[in-house]
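Using the sequences and the hints given, assemble the complete structure.
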Amino acid sequence: MNILVFNCGSSSLKYRVIAMPSEVQRAGGEAQRVGPPTAEPSRIVYHIGDVNGTHYVEMRDQATAFEQVMALLAKHPELKPDVVAHRMVHGGTRFERYALVNEEVIADLDAVADLAPLHNPPATGLVKACRARYPDLPQIVVFDTAYHSTIPDYARTYAIPRWMTTDMGIRKYGFHGTSHQYVATEAAKFLGRPMSEFNAVSCHLGSGGASLCAIVKGRSVDNTMGYSPLQGLIMSTRCGDLDPALTLRLLAQYNGDCKSVERVLNKESGVLGMSGVSADISDILAGIAQGKGQFPKMDLTAQIYLWRIRKYLGAYMAAVGYADAVIFTDTIGEKVAPVRWAVCADMETFGLSIDPERNRNPSEPPVDVATESSPVRILVVQTNEELAIARDAYSLLSRAGSFREHALA
Amino acid sequence: MSILVIRPSRYTSHFAYFAGGCREPILTGDMKPLHSGDGDETETVEELLHIRSLCRKRLSAAEPDALAVRLTFTASEFPKPVVATPEVIRRLQALVPRAPLHLPPKLRLIEHCRQAFPEVPIVLVSETSFFSGLPARERYYGLHADITKSLKLERYGFHGIFHEWACHYARHSIRQNPAARILSVCLIPQPEITAVMRSRPVMVTGGVTPLEGIPGETTCGELDAGIVLTLRKEMGWGPEQINNVLTRESGLRGIVGRDVTVDAIFRTDDPDVRLAREIIQYRILLACGAGIAAMGGVDNIVFSGDYVDVGEILGPWLSSTLVFKGNPDRRIPWLCFRESLDRLIADSAELTIRSHLAALQSETEWDRSHVASGYSVPANV
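Top line first, the protein sequences correspond to chains A and E. Quick note on numbering: my numbering labels position 329 of the first sequence as 329, and the sequence is numbered without any gaps. Quick note on numbering: my numbering labels position 170 of the second sequence as 170, and the sequence is numbered without any gaps.
Keep in mind that a hint or two might mislead.
List of simulated lysine-lysine pairs, DSBU-like, C-alpha gap at most 30 Å [unchecked claim]: (1) LYS152(E) with LYS267(A); (2) LYS152(E) with LYS297(A); (3) LYS14(A) with LYS189(A).
Interface residues of chain E toward chain A, partial, derived using beta-carbon atoms under 10 Å [said to hold, decoys possible]: (4) ALA19; (5) TYR140; (6) GLY142; (7) LEU153; (8) THR209; (9) GLY221; (10) GLU222; (11) ARG232; (12) ILE242; (13) VAL256; (14) VAL260; (15) CYS288; (16) GLY291; (17) LEU322; (18) PRO328.
Negatives, chain A to chain E, calculated, CB over 12 Å [what the hints assert, rightly or not]: (19) LYS14; (20) GLU23; (21) GLU58; (22) ARG133; (23) THR157; (24) GLY192; (25) ARG238; (26) LYS259; (27) LEU272; (28) GLY287; (29) LEU313.
FYI, nobody ran anything at the bench for these hints, they're computed from the structure. All C-beta atoms, glycine included, are put in the ideal place defined by N, C-alpha and C.
Shown next as structure tokens:
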């Protein structure tokens, strides 16, 4: 069975064709610079088997990008998808883990669009475009919030009036669940531990978003992101944790205009806002290493960014108790050794001892960069959200024999 | 040294009078709250004159040796308590734009104190002084550098008096270790946790305001910024209205649906408050974990504050919960510091006056432990 997985970003569309249950990736790629024209042309960077290529084509929205990806795949009949699976960032209270798409599900997706204004609307648009163009093709949506549905009440409830939680759905949802679940599963396999007994702190440090997840017995028990993807760590352009009074102060400053404050907190803060140089922490660290550390903003940005991760790692080590491992994943977590070092050094109290040489020159992931004697392992694991989504979709289909009828209802 | 402590607030101002050598006050009471605007405050001066006459009756017509006025916010301006000289008042006035509702009534009160006690030195003891050396990595938020600078958005911490004295007590009580890494848990209606290394705080749960951090009896604590924006969009509320809900209708009151104290949730089996207790306990655990990471370890946990007795419940729990692979048998020692805020303010003022006098007389600086020598060491250490 071919499962075509879409991972829809605000200006990109990643896709993979994965044969299940063998988990062989048969094709994949990314439509880049989707939307209004930019300095560089829109294109699809793809691979089919071992062949790589780039297809330049104008893509004004996600629906056009979807059409172009389908046209590319149509040239190879063996890649014809049997089912399409979509990553959806926020499922709100209406969705648990995944859902087979029908009219009711689409209405519910529209209802949760505002919960992740940068991510949910384009992904829902893609689901609709796919359903209109290929009405017979079953679709499944897998929610990033799903893995965090096991976060206990005491960790997901904010200390606000109860009616806000019950009537408005204001609570912690958590994000990057697909990635955290995937790397935790791979890490447990790597260490030869059953997932049901595996305790860890997973650090998904992306070039855009970032979050930590506390995992007990294989289940998420906390995530640094909250009601929205704004809370928690400092990210490329997002602020992370803020004093609520500070958000109010910004609202007053912008005469109550939410859109302006949203823009400031989502797009003009974080590494970019603090440094004024780059949204990528690896640029900042490289700059400091090259002796540009005399620029106080770069130095301060690196300190604040790393300090926040370190504090949350300590907090979640306390929440987890006897952790088996700390896992680093995604662009920064996998590739930027100084981040792992700064976060894990001098943390012997928690049972963490990082090996400087292994950390500096790790072999291909999954790899352990802790010292031999470290009671808690420090693992670098490559995330693969698309494969995780394909696994979820396959698992759903295996259980729902009559999915096609159900999907077309 | 006899010290009259005044703790002004928007709701009820409080005073306590300590005679020299006494740990307990010989006179306490409440005053009318301060005006936030420019109202007639002759009543305040009259109240202070009345307090003065009460003090004189208690101590053979003598004036207090000093007045100690507690301030809840002075940013990072004064690392230590200060005598209210004209220069200090000028510096306080310069801080007014950063706390326009908070500081003007306090400045007026200081002036009224001067009128009512013209011969008595006034010492200002601020809750934010202890945090003036907070490292930049902890002090700043992940906001655009221009916004941080123009709005002067920095983290402070708001219960420095309890923390400073509790940490001092912990350092001296346990093996006289001045380099000890201490987690200080201040148990008050709005609990606050700080991590202190070599007498310097390196992490604190309080923020730009006391709203951030551990939820309080009516305050929300940490909150996703997206929630504030959702309340604005969906409820149509303005910043003032949202602030009111987050500071007065949230926290334990919001979760439980009625007024309940931090102390009470730890002393009842009432299922209605179970979730509230679990939330507070979990947030305290997370903050302790963050503090340990900030210090690279921990030597002691010390509890202080109005609800210090809750430390007898939290201490054993934290000690047995903050256990990690590789150190499974290690239990973090904990202790409770039971002095009242009034007494600590008086002690701070006494030290300040003595060192002020010593400096004037070119004498050596007074040692804080001289004042602290009256504290007893608890049995559990």
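Status of the hints after comparison with the structure:
1. LYS152(E) with LYS267(A): The given pair, whose Cα atoms are some 21 Å apart, holds under the 30 Å limit.
2. LYS152(E) with LYS297(A): Holds. LYS152(E) to LYS297(A) sits at ~16 Å (cutoff 30 Å).
3. LYS14(A) with LYS189(A): holds, 27 Å
4. ALA19: violated, 40 Å
5. TYR140: holds, 6 Å
6. GLY142: Nearest chain A Cβ about 4 Å off; hint holds.
7. LEU153: With Cβ-Cβ at 6 Å, under 10 Å, it holds.
8. THR209: holds, 4 Å
9. GLY221: Holds, because the Cβ-Cβ distance from GLY221(E) to chain A comes to roughly 5 Å (cut-off 10 Å).
10. GLU222: holds, 7 Å
11. ARG232: holds, 5 Å
12. ILE242: holds, 6 Å
13. VAL256: holds, 8 Å
14. VAL260: violated, 12 Å
15. CYS288: Where the cut-off is 10 Å and the nearest Cβ of chain A is about 6 Å from CYS288(E), the hint holds.
16. GLY291: OK, holds: GLY291(E) within 10 Å of chain A, min 7 Å.
17. LEU322: Since chain A brings a Cβ to about 6 Å from LEU322(E), closer than 10 Å, the hint holds.
18. PRO328: Status holds, d = 8 Å.
19. LYS14: holds, 25 Å
20. GLU23: Holds: least Cβ distance 32 Å, greater than 12 Å.
21. GLU58: holds, 33 Å
22. ARG133: Check passes; 33 Å lies beyond 12 Å.
23. THR157: Violated: least Cβ distance 6 Å, not greater than 12 Å.
24. GLY192: holds, 17 Å
25. ARG238: violated, 8 Å
26. LYS259: violated, 9 Å
27. LEU272: Given a closest Cβ separation of 8 Å, the condition is violated.
28. GLY287: holds, 15 Å
29. LEU313: violated, 6 Å
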